[in-house]
Amino acid sequence: SVEKQHTFLYFIDDIWGAIVLHNFVEMLRKFFEQEKVKVKVQDTTIKLKNEYLLSLLRE
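For what it's worth, the UniProt record's numbering labels the leading residue of the sequence shown as 1, then goes sequentially.
Fair warning: there could be bad hints in the mix.
As the list claims (entries may be wrong) - Distance condition first, Cα-Cα at most 30 Å in a straight line; then the derived BS3-like pairs of lysine-lysine:
(1) Lys49 / Lys4
(2) Lys38 / Lys49
(3) Lys47 / Lys36
(4) Lys40 / Lys4
(5) Lys4 / Lys36
(6) Lys30 / Lys49
(7) Lys4 / Lys38
(8) Lys4 / Lys30
(9) Lys49 / Lys36
(10) Lys30 / Lys47
(11) Lys40 / Lys30
(12) Lys47 / Lys4
No lab work stands behind these hints: they were computed from the structure.
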């Protein structure tokens, strides 16, 4: 069982931010040998608009 981990990642709301988020999640997934990693945007005032970022967060 993997314990809960809290990590902060800053990224911009564009295609490069989507790439950063994707690579970061893949790194965590492989390191912890998990099929899925849960990602949560903590700040509810943030309104992401980039479709690539939104699709990554929906997966």
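A quick look at each hint next to the structure:
{"no.": "1", "hint": "Lys49 / Lys4", "verdict": "28 Å, holds"}
{"no.": "2", "hint": "Lys38 / Lys49", "verdict": "20 Å, holds"}
{"no.": "3", "hint": "Lys47 / Lys36", "verdict": "24 Å, holds"}
{"no.": "4", "hint": "Lys40 / Lys4", "verdict": "13 Å, holds"}
{"no.": "5", "hint": "Lys4 / Lys36", "verdict": "13 Å, holds"}
{"no.": "6", "hint": "Lys30 / Lys49", "verdict": "28 Å, holds"}
{"no.": "7", "hint": "Lys4 / Lys38", "verdict": "10 Å, holds"}
{"no.": "8", "hint": "Lys4 / Lys30", "verdict": "16 Å, holds"}
{"no.": "9", "hint": "Lys49 / Lys36", "verdict": "24 Å, holds"}
{"no.": "10", "hint": "Lys30 / Lys47", "verdict": "29 Å, holds"}
{"no.": "11", "hint": "Lys40 / Lys30", "verdict": "18 Å, holds"}
{"no.": "12", "hint": "Lys47 / Lys4", "verdict": "25 Å, holds"}
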